[in-house]
Structure formats: structure tokens, C-alpha cells
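Okay, here's what each chain looks like letter by letter:
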Amino acid sequence: MATGNGLKLVGRLGGGEAHVSEYFVPASDSTALYVGDVVEKTNTMDTANRVPIITRAATGDIILGVIVGFRPDASLPFTGHYRAASTARYVLVCDDPDAIYEVQEDADGGAISAANVGESINVDMIVGTGSVYTGFSGTMADSSSVAATAEDFKILGVVRQPDNAAAQSGGAKLLVKIVAPALNATDSDS
Amino acid sequence: MANPINRSSYASDLLPIVRKWESDQLKKHDPLTPKICTEESSDSAYEVYGVSSGMGAMQEKGEGENIQYDSNRQMYTPRFTHTAYALGAKITMEALQDAKAMKHAKRIGIQLARAEYETRDILTANLINDAFTSGVTQDGGDGSILIVTTHPSQVGNQSNAIASNADLSEASLETMFIQIRKAKDERGLRANINPVKLVIPVDLLPEAERILGSDKRVNVADNDLNYIKDSGMFPGGIVSSPYFTDTDQFVILTDVPDGLMALNRYSSGVETDNVFDSKNACFSKIIRTSRGWVNWRAVYGSPGV
Chain A
1 MATGNGLKLV GRLGGGEAHV SEYFVPASDS TALYVGDVVE KTNTMDTANR
51 VPIITRAATG DIILGVIVGF RPDASLPFTG HYRAASTARY VLVCDDPDAI
101 YEVQEDADGG AISAANVGES INVDMIVGTG SVYTGFSGTM ADSSSVAATA
151 EDFKILGVVR QPDNAAAQSG GAKLLVKIVA PALNATDSDS
Chain B
1 MANPINRSSY ASDLLPIVRK WESDQLKKHD PLTPKICTEE SSDSAYEVYG
51 VSSGMGAMQE KGEGENIQYD SNRQMYTPRF THTAYALGAK ITMEALQDAK
101 AMKHAKRIGI QLARAEYETR DILTANLIND AFTSGVTQDG GDGSILIVTT
151 HPSQVGNQSN AIASNADLSE ASLETMFIQI RKAKDERGLR ANINPVKLVI
201 PVDLLPEAER ILGSDKRVNV ADNDLNYIKD SGMFPGGIVS SPYFTDTDQF
251 VILTDVPDGL MALNRYSSGV ETDNVFDSKN ACFSKIIRTS RGWVNWRAVY
301 GSPGV
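Protein sequences, first through last, are from chains A and B. First residue of the first sequence? That's 1 in my numbering, and the numbers climb one at a time after it. First residue of the second sequence? That's 1 in my numbering, and the numbers climb one at a time after it.
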């Protein structure tokens with residue numbers, strides 16, 4: 001079983017800097033958040049600082065983007081690298097529809113094949129709990145969900161590191177983009 | 001509250017019948033701390049170290065392709081909050097005046113110095129003694145005990161414990177040597193670390209000397225060379241101490257920096273004062289120090305069988 005570290009922003013279709021915005025997670029949200037977690041909007045906003053409120057997304061949700069950091073909080077010098085459950089935090093999210101992410105596949109039930117990587121196909125995520133020690137999300141790509149109908153990520157390729165390949169034991173590190181990112185979605189609901 | 005040392009405490013000293021008091025002589029101390037810890041001074045109430053997530057390997061780039069960017073960030077932050085340790089003694093004015101040995105109060109200073117050395121060595125040895133003890137974790141660390149199979153990292157749990165508990169032997173040392181050489185960092189890159197010292201209780205010292213010192217392999221009929229000696233596997237040699245309490249536990253220190261840490265905030269000399277009302281003389285010594293670890297890859301070990 002592979003170890004997930006969430007999604008990591010590695011680039012952008014067309015090059016340039018990926019768009020990052022600040023969002024808010026209120027203390028009423030009891031789900032801890034980590035760098036690499038996939039998030040969605042909640043149809044509400046933080047009126048104090050005029051930013052939308054987000055929460056961790058589940059597979060099939062209209063994905064806003066991926067957490068890339070948190071606004072520093074002087075009261076959290078040692079735990080500010082993640083957002084503890086039920087803690088109000090401002091969150092930096094890559095909400096760029098063209099962003100490219102690296103994500104580990106879970107290789108549960110077999111690894112994604114080279115043929116899959118070579119075709120236009122999607123994969124869903126499997127949401128995992130992050131680590132308070134590393135500060136990274138536990139989310140991975142769900143290898144057994146590869147299908148054209150999958151809603152979360154489109155497979156762009158594999159990370160071209162010398163120790164990484166499609167169909168390798170333990171699963172590959174994939175390059176993906178969000179299939180239907182919230183900023184491009186026609187559905188107004190979250 | 002201990003009683004002040006009075007004339008009856010050393011009644012025999014009032015008459016010239018005792019040639020020398022035992023325990024007055026401070027045997028040359030061979031401190032354990034610098035042998036297994038990185039010692040640093042501190043000027044704060046606590047010190048914080050940071051562990052970075054690191055970066056991955058480079059990626060192949062096609063012509064005209066954009067570079068794939070990596071990143072790194074803070075992970076856990078081991079913290080060292082100093083604890084004060086102190087001890088003192090009092091001598092009545094009468095004892096100080098009448099007892100000849102007490103006139104110089106030299107004995108008090110020597111014994112307080114021994115108390116300090118003992119305290120420091122126990123604190124240091126407890127890093128090893130508690131290496132496998134459930135619940136003894138580093139404040140702000142990775143949530144694990146020092147030697148365990150489940151240190152969290154970005155590439156899954158990593159281990160600095162021998163895969164199958166074993167006693168000290170040529171085979172177990174070679175197993176751990178291989179494990180150390182294959183160790184990876186937080187990101188999964190090869191850590192490229194090497195063993196430096198073998199740390200053992202005095203109970204294992206004879207066997208360790210045989211294993212490390214024999215020209216040929218120990219306890220076998222073959223005439224093979226002793227790889228452990230021939231390769232210089234432990235350039236720092238053996239560290240043996242009576243402060244290590246587990247008689248079959250052994251650990252290997254590696255060349256990873258900032259492994260076991262000993263931070264020293266303050267150390268007084270022997271301070272003296274007098275109580276005005278009783279005229280008792282007071283002697284004390286205070287240290288403020290802390291122990292712990294930053295990078296667990298500095299220590300690999302086996303609890304024995």
C-alpha cells in the first residue's frame with residue numbers, strides 16, 4: 001500500500017504561475033486540513049474578510065482546488081503547518097483550473113497501467129487523513145477507479161523521475177489535473 | 001528539608017582519630033554525554049529544531065517542456081525545554097569551626113560535583129535506556145519513541161529498529177549495517193548514512209570486543225575475515241557505560257548530525273552563603289539542561305531477545 005501525501009502543485013498548463021487564493025475554514029468545521037488536501041466551496045463566505053468558506057472535498061464533489069498553505073497564526077508556532085480540526089484558519093488554495101498536480105496512486109487492487117496513462121482517462125481520489133507530523137494530506141489517486149467516467153482527476157502522465165514508472169509495484173506518482181474545477185464549472189452548487 | 005550537617009554528623013572528626021574520609025576523592029570522571037550526544041549551549045527557556053520535508057529527485061524534461069517545480073516545508077519541530085537540577089548542603093557554624101575536615105568545606109564541593117556528573121550521565125543514558133519504552137517520545141517530535149518501526153515520513157513509515165529482535169552478534173550487527181546503509185530521508189531519497197559507534201551496556205562489552213576485535217569471524221569454524229573489523233564498520237569504537245540498564249539492548253550511532261542532543265542552559269559553580277540567624281553555611285550547585293533527539297536516524301538498535 002502506497003503512502004499518500006495529497007496533491008502537490010507542480011506546474012500549470014501553458015506555463016506561468018498557478019493562481020492561488022485565500023479562503024476560510026471556520027472553527028465549526030471538524031475536519032482537519034493538511035497541505036495537499038482537495039477542497040470544495042460550501043456556498044457560504046467569511047464576511048469579516050470577504051473570502052469564501054471551503055471544506056475538504058469528497059470524491060465526486062465539484063473540486064475548487066488544492067491546499068498549498070495556511071495564513072500564519074502567531075498562536076500556532078508549532079502546529080501552524082496544518083489546520084487542526086475545529087480551528088478557524090485562512091487557507092491558501094491553488095484554484096487554478098489549469099494547475100498540474102503530482103499525486104501518488106494507492107496501487108490498491110493493482111497499479112494504473114501504462115495503457116491507462118497513454119489514453120485520455122480519469123481517476124477518482126481516495127481521501128486520506130493527513131499527518132500532524134509531516135503536515136501533508138493522505139489523499140491519493142484511487143487506482144481501481146480508472147475510467148472515463150471518473151469525476152475527480154484527468155491523468156496527464158507519470159512524474160518523469162528515474163525511479164518512477166507506470167504500473168510499477170507500489171504505484172506510480174501521477175501527473176493530473178482536475179477534471180471539472182469549480183472555477184470552470186457550470187454547476188453553481190458546490 | 002534535610003538537617004544541616006552538625007558536629008554529630010562527623011563526631012569522629014572532632015578528635016584526631018580519622019586519617020581520611022572516604023568519598024572525598026573525586027575519581028577522574030569520564031562523562032558519557034559527549035560520547036553519544038551532540039552538546040550545544042542554549043540561552044533560552046527552550047530551543048526548537050525544525051525538520052524540513054526536503055525535495056525529491058530531479059525529473060526528466062523534454063525539449064520545450066516546462067520544468068516541474070518541487071517545494072519543501074516545515075514538518076515537525078522537536079523542542080527542548082530545560083529542566084533545573086540542584087542540590088545543596090548546610091553546615092552548622094559549630095561544625096565548620098570545630099571539625100577540621102569541614103573547615104575547608106572541600107568535601108561539600110567535591111560531592112556536589114559528583115552529584116552533577118551523576119545527574120548528567122543518567123539523563124544522557126536514559127535516552128538509550130528508554131529508546132524502546134512505550135510512551136517516551138520527543139516533545140514536538142514525530143510522535144514516536146526513539147527506536148521503532150513506525151517513524152512517519154512522506155514515503156510511509158520508516159524504521160530504525162532491527163527487523164527481528166536479536167541479541168548482539170556478528171549477524172545482528174551486519175543486519176543493522178545493511179539497514180543503516182539503505183536508510184532514506186523524509187522524502188525517500190537515500191540518506192547515505194554510516195554507522196559510527198556501538199553503544200552497549202557493560203554486560204555486553206566482552207562479547208562486543210570479541211566481535212569487533214577478532215581478525216577472523218567469531219564463533220565459526222571458517223577462516224573468513226571479520227568483515228566488521230576489516231571494513232572499519234565502527235570508526236568511533238565501542239561506547240560502554242554502567243548507566244545503561246538493559247543488559248542485552250544494543251544500539252548503533254550513525255553519522256547523522258543533530259541526533260541525540262544535550263543542551264546546556266546553565267551550570268553554576270559551587271555557590272555559598274550563610275544563614276544570618278543560625279550562621280549555618282549553605283552550599284549549592286544548579287544546572288539547567290535538557291536531553292532529546294532531533295533526527296532519529298542517528299540511532300538504530302535492537303532491544304535484545
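Treat the hints loosely; a few may be bogus.
[What the hints assert, rightly or not] Label-pair distances were calculated between CB atoms; the ranges are:
1) A/Val-20 <-> B/Thr-245: 19 to 27 Å
2) A/Leu-76 <-> B/Ala-84: 25 to 33 Å
3) B/Asn-165 <-> A/Asp-73: 41 to 49 Å
4) A/Asn-43 <-> B/Glu-40: 51 to 59 Å
5) A/Ser-120 <-> B/Thr-150: 36 to 44 Å
6) A/Gly-14 <-> B/Asn-126: 53 to 61 Å
7) B/Thr-175 <-> A/Ser-86: 25 to 33 Å
Just so you know, these hints were derived from the structure itself, not from any lab. These figures come from a predicted structure and were not determined experimentally. Cβ atoms here follow ideal geometry from the backbone N, Cα and C, with glycine treated the same way.
These are the hints, each one checked on the structure:
| no. | hint | verdict |
| --- | --- | --- |
| 1 | A/Val-20 <-> B/Thr-245: 19 to 27 Å | 53 Å, violated |
| 2 | A/Leu-76 <-> B/Ala-84: 25 to 33 Å | 28 Å, holds |
| 3 | B/Asn-165 <-> A/Asp-73: 41 to 49 Å | 43 Å, holds |
| 4 | A/Asn-43 <-> B/Glu-40: 51 to 59 Å | 52 Å, holds |
| 5 | A/Ser-120 <-> B/Thr-150: 36 to 44 Å | 40 Å, holds |
| 6 | A/Gly-14 <-> B/Asn-126: 53 to 61 Å | 58 Å, holds |
| 7 | B/Thr-175 <-> A/Ser-86: 25 to 33 Å | 45 Å, violated |
Hint check: violations occur at hints 1, 7; the rest are consistent with the structure.
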